[in-house]
Amino acid sequence: MRLTRPRLRLVLAALLTAFVLVATVVTVPGLNAKATAEPWKPGPGVAGMINPEWSADHDGPTKYPKMAIEWDVPVTMSDGTVLKANVFRPADASGRAIDTKTPTIVNMTPYTKFVSAIATLAMNVPVLSPALIQLLNLFNFAGTPIAGVNDLRDVLNGGMVSSFTGLDPKLVQNGYTQVVVDVRGTGNSQGVWQVFAEREQQDTVEVLDWVRNQKWANGRMGMTGVSYSGINQLQVASKNPKGLQALFPVVPGADLTADIIAPGGGLGVGFLGPWLALVNILKFIPDIRSLLNGTFDWKWLQQRIENPAVFVPQLLSGVFSPTAEGLDPKTKELIDKNSPLRQAFRTPLNKITTPTFAFGGWHDLFTNTEWRLPSELSSLPLSKKKVIIGDAYHVTVTHDLGGVNQPTRADVLQKAWFDKWLKDADNGIDNYAPVTVHRKGGGWWQGDGFPEPNQQYQRMYLSSLTSGTAPGSLSDNSLQTAKPKLAARRTVGPGLSTLCSNDTGQAMFGLLVFQGCAADNRVAEMNGLTFTSKPVGKSTVISGPINLHLTTTQDQRDAYWSVNVTDVSPDGRSEVISSGQLTTSLRQIDQSRSLKTAAGDYTAPYYELDINQRQLVKPGQVVELDIATHAVSAILKPGHRLRVDVFALNLIKAITLGPVTSETRFSPQHVIIDPNRPSYLVVPSDRPLP
1 MRLTRPRLRL
11 VLAALLTAFV
21 LVATVVTVPG
31 LNAKATAEPW
41 KPGPGVAGMI
51 NPEWSADHDG
61 PTKYPKMAIE
71 WDVPVTMSDG
81 TVLKANVFRP
91 ADASGRAIDT
101 KTPTIVNMTP
111 YTKFVSAIAT
121 LAMNVPVLSP
131 ALIQLLNLFN
141 FAGTPIAGVN
151 DLRDVLNGGM
161 VSSFTGLDPK
171 LVQNGYTQVV
181 VDVRGTGNSQ
191 GVWQVFAERE
201 QQDTVEVLDW
211 VRNQKWANGR
221 MGMTGVSYSG
231 INQLQVASKN
241 PKGLQALFPV
251 VPGADLTADI
261 IAPGGGLGVG
271 FLGPWLALVN
281 ILKFIPDIRS
291 LLNGTFDWKW
301 LQQRIENPAV
311 FVPQLLSGVF
321 SPTAEGLDPK
331 TKELIDKNSP
341 LRQAFRTPLN
351 KITTPTFAFG
361 GWHDLFTNTE
371 WRLPSELSSL
381 PLSKKKVIIG
391 DAYHVTVTHD
401 LGGVNQPTRA
411 DVLQKAWFDK
421 WLKDADNGID
431 NYAPVTVHRK
441 GGGWWQGDGF
451 PEPNQQYQRM
461 YLSSLTSGTA
471 PGSLSDNSLQ
481 TAKPKLAARR
491 TVGPGLSTLC
501 SNDTGQAMFG
511 LLVFQGCAAD
521 NRVAEMNGLT
531 FTSKPVGKST
541 VISGPINLHL
551 TTTQDQRDAY
561 WSVNVTDVSP
571 DGRSEVISSG
581 QLTTSLRQID
591 QSRSLKTAAG
601 DYTAPYYELD
611 INQRQLVKPG
621 QVVELDIATH
631 AVSAILKPGH
641 RLRVDVFALN
651 LIKAITLGPV
661 TSETRFSPQH
671 VIIDPNRPSY
681 LVVPSDRPLP
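According to UniProt numbering, the sequence shown is numbered sequentially starting from 1.
Watch out, some of these pointers could steer you wrong.
List of simulated lysine to aspartate or glutamate pairs, DMTMM-like, C-alpha gap at most 25 angstroms [stated by the list, open to error]: (1) 483 with 686; (2) 485 with 590; (3) 618 with 590; (4) 63 with 430.
Computed beta-carbon distance windows for the label pairs [what the hints assert, rightly or not]: (5) 686 with 95: 38 to 46 angstroms; (6) 443 with 305: 47 to 55 angstroms; (7) 289 with 539: 52 to 60 angstroms; (8) 93 with 594: 55 to 63 angstroms; (9) 448 with 588: 29 to 37 angstroms; (10) 43 with 523: 40 to 48 angstroms; (11) 100 with 285: 30 to 38 angstroms; (12) 43 with 284: 45 to 53 angstroms; (13) 41 with 675: 52 to 60 angstroms.
What the hints contain is simulated information worked out from the structure, not anything from laboratory work. Remember, it's a predicted structure, so these values are computed and weren't measured experimentally. We treat Cβ as the ideally placed atom computed from N, Cα and C, and that holds for glycine.
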């Protein structure tokens with residue numbers, strides 16, 4: 001972990017390059033005028049991802065020297081509930097807010113705006129913060145057990161922090177007002193936390209109405225934020241409120257039941273448990289200022305005491321109720337496709353007309369939504385929709401931005417995006433590629449849509465023949481281009497080996513710095529069925545959703561299946577590139593939202609996930625399932641193989657719903673290999689797989 005000579009030379013070279021670049025931007029006459037007269041045009045490869053003029057504009061001298069802050073400004077909703085907002089305005093040298101009306105950028109957060117404000121201000125302390133980041137950059141944990149520290153550190157370099165906190169002082173000091181609001185029932189706001197429900201969505205509309213009518217606002221508004229604050233951006237934009245002209249959502253979801261609550265019918269306890277605990281704890285942090293000045297809101301305290309653990313009873317009901325009839329009514333709503341809550345949790349992306357620049361990750365919690373954004377934001381032309389998907393988890397998104405041969409930092413892109421749509425700057429950001437993806441196992445690719453072009457789907461059949469590549473798995477089998485000739489049955493039972501898996505890292509937000517399990521699935525495969533292909537002879541791009549058509553039987557009236565698709569290196573390492581899951585009784589598919597090949601094979605089946613349509617099976621009954629795994633962009637290098645892992649449990653990412661558990665009784669499940677009813681992987685690639 002010490003600074004090596006090559007590393008030192010790279011650091012010095014980077015500092016020298018940065019100095020020359022900044023000096024050039026500051027001193028060369030007419031450079032800024034040229035950028036205005038001739039907006040940036042994308043070039044091939046790296047040139048299409050990076051515009052140094054945007055970085056210079058963001059990081060250079062600001063228009064206003066200071067920032068004026070109004071803490072906990074009351075915003076009264078139509079039902080009388082008072083939300084609290086922090087307002088950050090451009091200020092002159094004396095600290096007085098300017099009189100000029102400015103565009104406004106809004107962030108709605110459940111994570112307590114006081115905490116986020118402190119984090120933002122700490123990250124922007126002159127001299128100290130840059131020095132801290134430079135110090136962290138001197139250390140390289142690659143190849144150590146805590147290699148994940150690198151990704152968490154690089155998030156600072158990638159520019160996500162300002163989006164998470166909802167505040168970038170550079171934006172404010174360049175003529176924007178930023179407003180950060182605690183959503184209902186969280187932070188210092190009154191009310192009961194609604195968790196994305198219709199009342200909370202209406203709150204966002206009313207906050208935007210309030211902002212638009214303030215004396216310091218010019219009526220043009222944008223929204224920014226990560227995760228929760230990305231989801232509510234898409235929600236409110238689908239209602240097309242007046243004055244909302246730009247979005248910058250990072251790791252957003254738009255189909256919450258399918259994304260994180262019950263993907264494939266498995267309850268997402270690995271994420272939901274810690275997340276609900278976090279928000280419900282943070283909401284009890286009191287308004288310290290009000291305690292000191294005698295203005296404490298006792299109604300706030302009463303509402304917190306009366307509703308201490310929002311949605312926790314519903315989660316526990318989902319885990320422990322042995323029958324569907326015994327589920328908590330709100331839990332039932334989550335798996336009733338026609339309920340108002342379920343409808344509120346699904347955002348009609350096709351109704352969004354607000355220019356949107358989104359970020360995602362191949363191992364994010366919301367990948368299910370993110371890969372669909374280029375096509376489902378169908379009301380937006382290419383100039384008004386941009387999606388960047390990195391090789392990242394939820395909290396490490398943007399860790400692969402801002403470096404050599406990487407896209408421009410997120411905070412830089414954010415300013416360019418808002419300058420374009422809120423200030424009419426002719427900066428060329430509308431020419432940025434609509435889709436930019438970091439291929440797993442390779443570099444970056446840019447294009448107009450996703451999946452990437454020249455992809456052809458083929459069937460890769462599951463065979464009982466031994467591949468010889470997975471000696472440590474429960475059962476080592478093959479993945480081949482021809483139908484199997486021999487009938488066989490492979491049995492797998494629920495086990496705990498998946499605790500050491502990439503799915504655990506995904507469920508834990510990507511916070512786990514011990515990357516051994518995330519980077520190599522072989523421990524998980526000890527209790528999994530593996531089916532592995534022959535090695536590819538040339539680099540092969542896999543781009544798009546993947547589906548496993550699986551012929552199954554089970555010893556009970558229900559079953560739960562978990563699937564990983566992995567890239568197997570010549571040294572045996574098995575790295576997950578995609579994953580999915582399905583409960584047998586919830587296998588019903590919505591044909592109108594599913595994707596198929598020209599031959600009729602599902603590539604992305606969309607599940608109804610409706611408790612009212614649940615279909616139990618007879619023990620021993622043969623059932624054919626289509627198990628969707630999320631889309632990915634990956635490269636199989638020469639000598640690498642494609643593998644499918646099949647499990648009967650997926651702790652800690654998900655657990656079976658209580659009514660499903662009472663039917664499965666954690667009994668063994670069986671994959672049927674039948675030449676007449678074959679199981680096969682439907683996978684895209686730019687050249688045939690062997």
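**Item:** Hint numbers not upheld by this structure, sorted from lowest to highest
**Value:** 2, 5
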